[in-house]
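Chemist: Here are the chains, one letter per residue:
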Amino acid sequence: MTAKRIGIESSLAIAEAVRLANVDVIAAYPITPQTHIVEGLAEMVANGHLDAEYIPVESEHSAMSSCLGSSAVGARTFTATASQGLILMHEVLLVAASLHLPIVMVVTNRALSGPLNIWGDHSDTMITRDSGWIQIFVENGQQAFDQVLCAFRIAEHQDVLLPTIINVDGFHISHVIEPMYFLDQEAVDGFLPPYKHPHALDPDKPVTMGCFAMPNLYTESRKALDTSLRESKKVILETWKKFGEMTGRYYKEVETYKAEAAETLLITMGSYSENAMEAIDKMQSEGRSVGLVRIRLWRPFPYMAFLEAVSGAKNIVVLDRAMSLGGPPPVCSEIRSALYPQEKRPQVVSVVGGLGGRDISPDDFEKLIDIGLGRIKIGDTSETIMFGVRE
Amino acid sequence: METLSIYAPKLVTNKEYIASGHRACSGCGEVLAVRYVCKALGRNTIISNATGCMEIISTPLPETAWEVPWIHTLFENASAVASGIESGLKSLKRKHGYTKEVKVVAMGGDGATADIGLQSLSGAMERGHDFIYVCYDNEAYMNTGIQRSSETPFGASTTTAPSGKNSLGQHTQKKNMAAIAAAHNIAYVATSCSSYPFDIMSKVEKAMKVKGPSYIHILSVCPTGWRCASNLTIKLGRLAVETGIFPMYEIENGKYTLNIDLPKLRPVEDYLKLQGRFRHLDKDITAEIQEKVFDEYNKVKRLAAGNKAK
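Going down the list, the protein sequences come from chains A and B.
Sequential numbering of the first sequence, starting at 1, is according to the numbering used here.
Sequential numbering of the second sequence, starting at 1001, is according to the numbering used here.
Hints listed in this document are in silico derivations from the structure and should not be mistaken for laboratory results.
Everything numeric in this text was worked out from a predicted model, so none of it was measured.
For glycine and all other residues, C-beta sits at the position ideal for the given N, C-alpha and C.
Warning: the hint list may mix true and false statements.
In silico negatives: residues of chain B with every beta carbon more than 12 Å from chain A [unchecked claim]:
id : residue
1  : S1079
2  : M1201
3  : K1211
One side only, chain A facing chain B, incomplete, derived with CB under 10 Å [said to hold, decoys possible]:
id : residue
4  : A46
5  : G48
6  : A52
7  : E53
8  : S62
9  : A63
10 : C67
11 : E91
12 : V95
13 : A96
14 : P198
15 : V207
16 : T208
17 : G210
18 : F306
Chain A on its own, in the form it takes in the complex (with noise of 0.2 Å):
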């Protein structure tokens, strides 16, 4: 393993876990707008660094839909997209899922169309969140290059088989230039098996994919692939396990941050984590009791641990940079729906915030905090809180 420490942009260290895991077919497109993800591994292509067919479609939707092809007949299968692209694919992501096809794609979650705004939010991944995909979410670019090469075997292994999603903020995490350890090819190529469809499409041994199902067995398929997607959390733990154990980063489905014994936790996915460990810290040395929870595992969602992490609690402030427009937001609704069955369960205040690229600096997030504090303060909780919204 390297143990120098490099200086690069997050898309090029993506790019470059892209390459590690030796992946043969990359189907790409530049919906606005697209990371240098894609462009580095076009580049390494152009070059000879990486041996793989880049398949420079004419839509998201192609995109996805290469990617099904090239999947299915055994060959490991890369994309990244945001954005438009993201829900431009839509409709394929979901048969990615239900065909089991283990495609890894990074999501630089953006916000969405209208108004256009091509700046970071996580509207575009909250619409996938019911796709079927494994939904991980990282903080930094270190986190996204470990990340990457972590998805290949979770998605690949022959228990799961089913595509996997990281998503990495916008600009916040794509675009930002950070320190960070490459691992060499060796260490890789150890860590990572050759990927091998245990059904692919062959002519030797024909099999049909992507039969239509009559109302006898819809219910059944689609119970099979939600029991799949749950249970892979068992290889995901595994992955994570091993891939700590070789480089010494450790990752969990939900992380902390000084939580123990607070009173009050803040609850973060993705990059904006970072600032929120700043107001804790701060706060902290103020004697606040106050600390930090950042979902990392999406989906399939960690009941267990997430429970485990808020134990202690008595208050919790939710942020999403996302809405359910007309309802409360994702993040939250989920986070609520866990904490129903619990006998003693604290208070929940939903903050939404974030979108659309505008920032949540450190002192936002104190700001953040005592707002819904406050809320939870006069017992009105029931409707989410727009930081910072100008009315």
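Take the given structure of chain A and dock chain B to it, following the hints.
Modeler: Relative to the frame of chain A, chain B by itself:
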């Protein structure tokens, strides 16, 4: 000639790649065309099938009629899936010791080809993937209940372009998919018809020899949607060709060849009158259709003649 018609079928393989027992309507011309296409393709084939009649009739879970590896994902993406299959196999060959010679084939109906899937087909042809695209054109969305497509002919009544007091049914002309495919500068484009098994098979064999994209457009008679008797399938396909409504030709590297060049075309009425979808047409509209057929047929004839002159 009589002896040939007895002898020729014996040369065709007995092997079926789409098994009987599928749920196609009686008299389905499309499934006949699929059968001939698959016989010509043989076993070393992977098929990417668009959503449509052929997918529904052949794969109700847990059954399948397919004897070759087959994948259906969505309506508009058969060509993109085929692109991925072809690229995947290329990569496996180069990197992982894969040695099989496999022909990748995408197929879909006229809606999946000329309407919703046109973009993905165009993209795959433009990128030059080594695959055959076969369009089974039954001239409307038959699987969903006979709605008009851009391949529905002028004057046909469908459920979304019905004939009525103020409507003659479809008021637009059939989209010319062969010309669109040829505009991608691909090496082989052909039209064929479900009533001409040997023509279909020989065209598929030609397409298989092409390195790169090729396109075959097969008019497939649909008694359900055309509102005709199911024992007229073969006759109607032949009439479509003999009236000049559906000329059978090839475009090889841009050069047109008219495969069945009739000295005299039969009147279109012979074809129209057997189908309920044209029942409402009066003499004037029929005459208009006749004019248009002459125009279009002569266009192809001129293109083919120009080719000969060179």
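Chemist: A separate judgement is required for each hint: does it hold in the structure or not?
Modeler: Hints, one by one, checked against the model:
Separation of S1079 of chain B from chain A is inadequate, the least Cβ-Cβ distance of about 8 Å not exceeding the 12 Å criterion. With a cut of 12 Å on Cβ distances, M1201 of chain B stays outside the contact zone with chain A, its closest approach being about 19 Å. Separation of K1211 of chain B from chain A is adequate, the least Cβ-Cβ distance of about 16 Å exceeding the 12 Å criterion. Here the hint on A46 of chain A is broken, as its CB sits about 16 Å from the closest CB of chain B, past 10 Å.
Look at G48 of chain A: its Cβ only gets to about 12 Å from chain B, farther than 10 Å, so that hint breaks. At a threshold of 10 Å, the smallest CB-CB gap from A52 of chain A to chain B is about 6 Å, leaving the interface hint in force. Hint on E53 of chain A holds. Least Cβ distance to chain B is approximately 4 Å, under the 10 Å limit. With its C-beta approaching chain B no nearer than about 4 Å, S62 of chain A sits inside the 10 Å limit, and its interface hint holds.
Among the interface hints, the one on A63 of chain A holds; its C-beta lies about 8 Å from the nearest C-beta in chain B, closer than the 10 Å criterion. Below 10 Å, beta-carbon pairs count as interface contacts, and C67 of chain A has one with chain B at about 6 Å; its hint therefore holds. Because the beta carbon of E91 of chain A sits about 6 Å from the nearest beta carbon in chain B, less than 10 Å, this interface hint is met. The beta carbon of V95 of chain A comes within 5 Å of a beta carbon in chain B, closer than 10 Å, and the hint placing it at the interface holds.
For A96 of chain A, the interface hint holds, the least distance from its beta-carbon to any beta-carbon of chain B being 9 Å, beneath 10 Å. The beta carbon of P198 of chain A is not positioned within 10 Å of any beta carbon in chain B (closest approach about 14 Å), and the interface hint is therefore violated. Interface restraint check: V207 of chain A against chain B, minimum CB-CB distance 6 Å, threshold 10 Å, status holds. With its C-beta approaching chain B no nearer than about 4 Å, T208 of chain A sits inside the 10 Å limit, and its interface hint holds.
Look at G210 of chain A: its Cβ gets to within about 4 Å of chain B, closer than 10 Å, so that hint holds up. Below 10 Å, beta-carbon pairs count as interface contacts, and F306 of chain A has none with chain B, the closest being about 34 Å; its hint is therefore violated.
The structure is inconsistent with the numbered hints 1, 4, 5, 14 and 18, although it conforms to all the rest.
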